[in-house]
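Engineer: Keeping their order, the protein sequence lines are chains A and B. At the far end of the first sequence sits residue 111, using my numbering, and the numbering has no gaps. At the far end of the second sequence sits residue 113, using my numbering, and the numbering has no gaps.
None of these hints come from the bench; they were simulated from the model. This one's a predicted model, so the numbers in the text were calculated from it and none came from an experiment. Treat the hints with care, since some could be wrong.
[Unchecked claim] A short list of chain B residues far from chain A (calculated; beta carbon distances all over 12 Å):
(1) E52
(2) K57
(3) N71
(4) S86
[Said to hold, decoys possible] In silico BS3-like cross-links for lysine-lysine, where the CA-CA straight-line distance does not exceed 25 Å:
(5) A:K42 - B:K13
(6) A:K37 - B:K13
(7) A:K71 - A:K42
(8) B:K101 - A:K22
(9) A:K58 - B:K101
(10) A:K68 - A:K37
(11) A:K22 - A:K71
(12) A:K58 - A:K37
(13) A:K68 - A:K42
(14) B:K101 - A:K68
(15) A:K22 - A:K68
(16) A:K37 - A:K22
(17) B:K101 - B:K57
(18) A:K57 - A:K68
(19) A:K58 - A:K22
(20) B:K101 - A:K57
(21) A:K22 - A:K42
(22) A:K71 - A:K58
(23) A:K37 - A:K57
(24) A:K71 - B:K101
(25) A:K71 - A:K57
(26) B:K101 - A:K42
(27) A:K58 - A:K68
Positions of the beta carbon are idealized from the N, C-alpha and C atoms, including for glycine.
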Amino acid sequence: GENVEQHPSTLSVQEGDSAVIKCTYSDSASNYFPWYKQELGKGPQLIIDIRSNVGEKKDQRIAVTLNKTAKHFSLHITETQPEDSAVYFCAAWNYGQNFVFGPGTRLSVLP
Amino acid sequence: KAGVTQTPRYLIKTRGQQVTLSCSPISGHRSVSWYQQTPGQGLQFLFEYFSETQRNKGNFPGRFSGRQFSNSRSEMNVSTLELGDSALYLCASSSGQGNEKLFFGSGTQLSVL
Chain A
1 GENVEQHPST
11 LSVQEGDSAV
21 IKCTYSDSAS
31 NYFPWYKQEL
41 GKGPQLIIDI
51 RSNVGEKKDQ
61 RIAVTLNKTA
71 KHFSLHITET
81 QPEDSAVYFC
91 AAWNYGQNFV
101 FGPGTRLSVL
111 P
Chain B
1 KAGVTQTPRY
11 LIKTRGQQVT
21 LSCSPISGHR
31 SVSWYQQTPG
41 QGLQFLFEYF
51 SETQRNKGNF
61 PGRFSGRQFS
71 NSRSEMNVST
81 LELGDSALYL
91 CASSSGQGNE
101 KLFFGSGTQL
111 SVL
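Next up, chain B with everything else stripped away, as it sits in the complex (with noise of 0.2 Å):
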């Protein structure tokens, strides 16, 4: 079955400016979970949605902002984008029920210029 799909692959914003990230998980996974990707930081988790629900949050300012919509998929804003902000964003699906497999997607590569 198709895996995790991220679109766009690549963004380039100015700082200012606002992004909407979006992600498809896998057929029948009802969580999906953001994680930041950057070389000084490594894999930092944002967040985490099961059934439009948010479940768990990690320490990112409220710029960052998720939902979920009924089909599972979920989008990802980031709000007055900073320099910062410059970061690979991948997506994890996961069928929610906890202490199990995540899958990610390959990620949107954002440059805030």
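Next comes chain A alone, as it looks inside the complex (with noise of 0.2 Å):
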């Protein structure tokens, strides 16, 4: 079945830095990739996502890569703000299965 891993599992940056967090999956039949992000005390939040027919995708400060070649996708944060700080989730769908999620990254923005 699918396995995703996610680095780093923790990420301090300083406000208005850029922040990187990268996922990688195993099954290459995988063709939508979503990022969450939650925040203490909250569910999951749908921040991102991106299908297997695209490279790049950009929302204002938030941007995902893929590379379907090496199995991985990257999401980047530009100009960090102290609101940022929260756990992100990766995760890789197929049809026909469920979506698995990496482990998640804490990322810390430091005012």
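Each chain sits in its own coordinate frame; assemble them with the hints.
Structural biologist: Okay, here's the thing in structure tokens:
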């Protein structure tokens, strides 16, 4: 079955700097890759997603890149703000299968 | 429109008891999935229901069960609770057509004493 690895497990950046979180997946049939942000006491919130026919997608300060050949995808957050502090999860999905989530990255943005 | 609603928000039970958790999906969504979240194991898939039928199931013992009603609301039941069942149980809804966005509720925090 699918296996998703995520690195780093914790990440601290200064406010205004960029943050990058990387995920790798094992099943080449996976074709949908969402990213979720989870704040304390809340459920995961979808922040951006990418499908396998696209290499990059941007939404304001957030971008995701996908390398299907290498089977990895990354979340890029620019101009980080304290409110970006949270746990971020990547996931991979394939038709007929359930979503498989990475173990999460705890991002701390230091003022 | 309203998001995914889970009740109750917190639950405290003792070993051996059973518990039922409830989830109301986003209006119009026909798929409901359940996940167990623990610090050590992350987000683990329990099962998915679509149009009142279980469509997919994770690797959890039979003590974990669920159902979905005709209005797409779903319930999850855990029988004979064990200490290791303490976790945040998350419900997520989607339209159910595949390859699409999951929307999560805030979860039910279950503590087993």
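Engineer: Can we confirm that no CB of chain A comes within 12 Å of the CB of E52 (chain B)?
Structural biologist: holds (18 Å)
Engineer: Hinted pair, alpha-carbon criterion (25 Å max): K71 (chain A), K58 (chain A). Please report holds or violated.
Structural biologist: holds (19 Å)
Engineer: Take the C-alpha atoms of K22 (chain A) and K68 (chain A), compute the straight-line distance between them, and say whether it is at most 25 Å.
Structural biologist: With Cα atoms ~13 Å apart, K22 (chain A) and K68 (chain A) stay inside 25 Å; holds.
Engineer: Does K101 (chain B) sit within 25 Å of K71 (chain A), going by the straight-line distance between their CA atoms?
Structural biologist: Holds, because 21 Å separates the two Cα atoms, which is no more than 25 Å.
Engineer: Is it true that the CA of K42 (chain A) sits at most 25 Å from the CA of K13 (chain B)?
Structural biologist: holds (22 Å)
Engineer: Between the alpha carbons of K101 (chain B) and K68 (chain A), is the straight-line distance 25 Å or under?
Structural biologist: Satisfied, since the Cα-Cα distance of roughly 20 Å is no more than 25 Å.
Engineer: With a cut-off of 25 Å on the C-alpha distance, tell me whether K101 (chain B) and K57 (chain B) pass.
Structural biologist: Between K101 (chain B) and K57 (chain B) the Cα gap is close to 19 Å, so the pair holds against 25 Å.
Engineer: K58 (chain A) and K101 (chain B): Cα distance at most 25 Å?
Structural biologist: holds (17 Å)
Engineer: Measure nothing beyond the straight line between the CA atoms of K101 (chain B) and K57 (chain A); if it is 25 Å or shorter, mark the hint as holding.
Structural biologist: OK: K101 (chain B) and K57 (chain A) at ~15 Å, within 25 Å.
Engineer: Just double-check N71 (chain B) for me: nearest Cβ-Cβ distance to chain A has to come out over 12 Å.
Structural biologist: Non-interface label on N71 (chain B) holds, nearest chain A Cβ at 21 Å vs cutoff 12 Å.
Engineer: Run the C-beta distances from S86 (chain B) to all of chain A and say if the shortest one exceeds 12 Å.
Structural biologist: holds (16 Å)
Engineer: Does K42 (chain A) lie within 25 Å of K68 (chain A) when you go C-alpha to C-alpha?
Structural biologist: Measuring from Cα to Cα gives roughly 31 Å; hence the hint is violated.
The earlier numbered hints that this structure contradicts are 2, 6, 7 and 13.
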